[in-house]
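A.B. asks: Spelled out, the chains give:
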Amino acid sequence: MRMKLEVKGIRKSFGDKEVLHGIDFHVESGKALGLLGRNGAGKTTTIRILMDVFHANSGEILLDGKRFVPAKHRIGYLPEERGLYPKRTVIDQMIYLACLRGMNPKEAKESAKKWLSRLEVSEYETRKLETLSKGNQQKVQLAATLVSNPEIIILDEPFSGLDPVNSQILKDVVNELIADNRIVIFSSHQMSYVEEFCDEIAIINQGEVVLAGRLRDIKKEYGKNRLMLAAENLSLEELTDRTQRKWADLVSVSDRKKDFLILELKEGANRKGVMAALAASDVEVERFGSYEPSLNDIFVLKVGEEE
Amino acid sequence: MKGFGIVLKYELKEYFTNKVFMGLTVALVVLGAAALFLPRFVDMSGFTGVQVAGGDKESGEKEVREGDRPLFLYVDEPGVVQPEVLQEMFPEVDWKEAGDADALRASVEAQDAEAGFVVTGPTQYEYYVFNKAMTDHNTSVFEQAMKLFYRMQYSRTKGWDLGEITAMYDVPITVTEQILNKDSGSNYWYCYVLVIIVFMLIVYYGQMIAVSVTSEKSNRAIEVLVTSTSPNSLLFGKVIAGAIGGVFQMGVILAAILLSYQVNRQQWGGMLDMFLHVPAEVLVSFAFFGLGGYLFYAFLFGAMGALVSKTEDISKSVSGLLVVVMGVYFFSLLQLMNIDGPVIRILSFLPISSYSTMFARVAMGSVAVWEIVVSFLILAASIAGTGILGAKLYRMGTLRYGNPIKIGAALKDLRKND
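So the protein lines, in turn, are chains A and B.
The first sequence lines up with residues 0 to 306 when you count with the numbering used here.
The second sequence lines up with residues -17 to 400 when you count with the numbering used here.
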């Protein structure tokens, strides 16, 4: 069954200071939403309101059009501030958390073993958490998030502390969850992961959603009328100079990346015209095509300076 | 309430699988019971006044005769000393007359004799001892002997019969007490002990509960927990588990001590009755009011634990609460002397103090049944109130990290949010 989770006009104040000024986004099952923003933008507060840890001053959260009550659903939440019981055994606390989220002890034990095995930390199940390496503790935390087989999964910086091998395991798990029709909300500063998993994004800046929608559409919109160009016989400086001198009526240089230029088509100009101009010149074209901005570019453009 | 049951079970498991907790319980049970069984196996008749069952009195006396009994010397300058009286009054020592004061002093100094008495007149004497122990009562006994010598000599010169005069002065009086209600004298000491026990229970386990709550904040498990079940379930589960753990430990130790004493009461000659022979109705009122008071404070300790983020800050957070607990403790003990006074009557209805004062009134004073019922209802309502308030403070404090939150500011925030 498909579900739709909608966050509508959430406002939240701490004392006299309003920190969320009307947050809106939505996500459907079988899809992942990337919740992005700088530190202190309001992502964690939004998630805590979603989890009913904080109460919003106004706004609503709906699941399939009805008020969303977290206690009535199985939710897997991996908070940014990781924490379990360091002095208790891995399996004990996983069973405990699964039972708290509605499983019976038998189901909880089976599920705990399944997720520990899936995340390749079965061998540590009877060990105290504090005796594990940081990476393995992180995997146990992830297993604890997923132990109740949640229908809604909220992952706040899930890749922090994982090496490339463990990151790959987690990527596979997240892809399986999405394929299994779960709702996944994914908060991270690592844009490459967000691009990999998320169909939708919502960028929060200073308590407001400054950009939201389908990532593909956003990229298309931000790449509209933009071209990329690199030459084999000219450096980027020389190519910039040549473009500004000879083709100023067709394009302008909007940005320079490490090994190509980003050009913006001028009004009335088109790709064909630029291609013809290039063909008529002595420029040996190395790369030419439509430019699709990375999520990082869009984020920086929208939010301001680099993280 | 399902969450509460799961939290309670998990927290209880932590107590009962904790090696230190269980080890301490077993150690104290064994130590307490062993101490009370001691008179069955060791001759403590000197202390208890009761001969161990099957013990051989003659062999005991023989041991004393053959052992190295201390030697006491005396010099009798006025000629008043009766050696047989001295021997009777100091049965555990050997007496010998020294040649003169110098010889006596030299013997004591050389530690050939343990002590020496130089009688210089009918009402004067000098006492010689090398090192005087704190428990040295020789002078007071010798003084009694000197008084007796004086009376004997005086009676002789007057021609009186000292035996007759003494019998007239010390005529034995027989009394049969008919206590119609409470015997405060004999109830005082176990009340005193029980007040101390509840106080220890509140302070020790209350702080354990506060630490348990704070450590979930400091290890950041709290965010996972409060998003997995309700804060009410978490706080109530934790506090009730702490209460059960504490009552179990204290109950088992107390039961072992009381039962061991009951079994060995005869061997002790009833000498510990004032501490350990507690009437059933007092134990029942202690169980209700002691437990109630403990729960009342346990919720507050749990809430105080939620107001700080680091375990090292707990002492700051609970200090105000400890002042109240200690104030009540000292005031209750002072008021035991005036058990039917107006102050203890008022204290026995206040939830902060009824846990100790009401059962003390039940044990020692005059208290009507309605007073007990009303006091307990007030306490029960207050426990529910502190439980709800504690859960609210806990919920508010759980995700507020950083500096400790002052209780005044926390209550203000709660009022604002309500």
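Among the hints, a few may not be true.
Heads up, simulated EDC-like pairs for lysine to aspartate or glutamate below, C-alpha to C-alpha not over 20 Å straight-line [said to hold, decoys possible]: (1) Lys(-16)(B) / Glu106(A); (2) Lys245(A) / Glu220(A); (3) Lys398(B) / Glu17(A); (4) Lys257(A) / Glu231(A); (5) Lys398(B) / Asp51(A); (6) Lys(-9)(B) / Glu220(A); (7) Lys(-16)(B) / Asp91(A); (8) Lys398(B) / Asp15(A); (9) Lys86(A) / Glu294(B); (10) Lys292(B) / Glu17(A); (11) Lys(-5)(B) / Glu124(A); (12) Lys(-9)(B) / Asp91(A); (13) Lys292(B) / Asp281(A); (14) Lys86(A) / Asp50(B); (15) Lys301(A) / Glu220(A).
The following residues of chain A were derived to be distant from chain B, with all beta-carbon distances above 10 Å [what the hints assert, rightly or not]: (16) Gly21; (17) Ala70; (18) Asn148; (19) Arg255; (20) Gly288.
If you're looking for bench data, these hints aren't it; they were derived computationally from the structure.
Here a beta-carbon is modelled for each residue, glycine too, at the ideal position from N, C-alpha and C.
A.B. asks: Out of the numbered hints, which ones does the structure contradict?
C.D. replies: 2, 6, 10, 13, 14, 17
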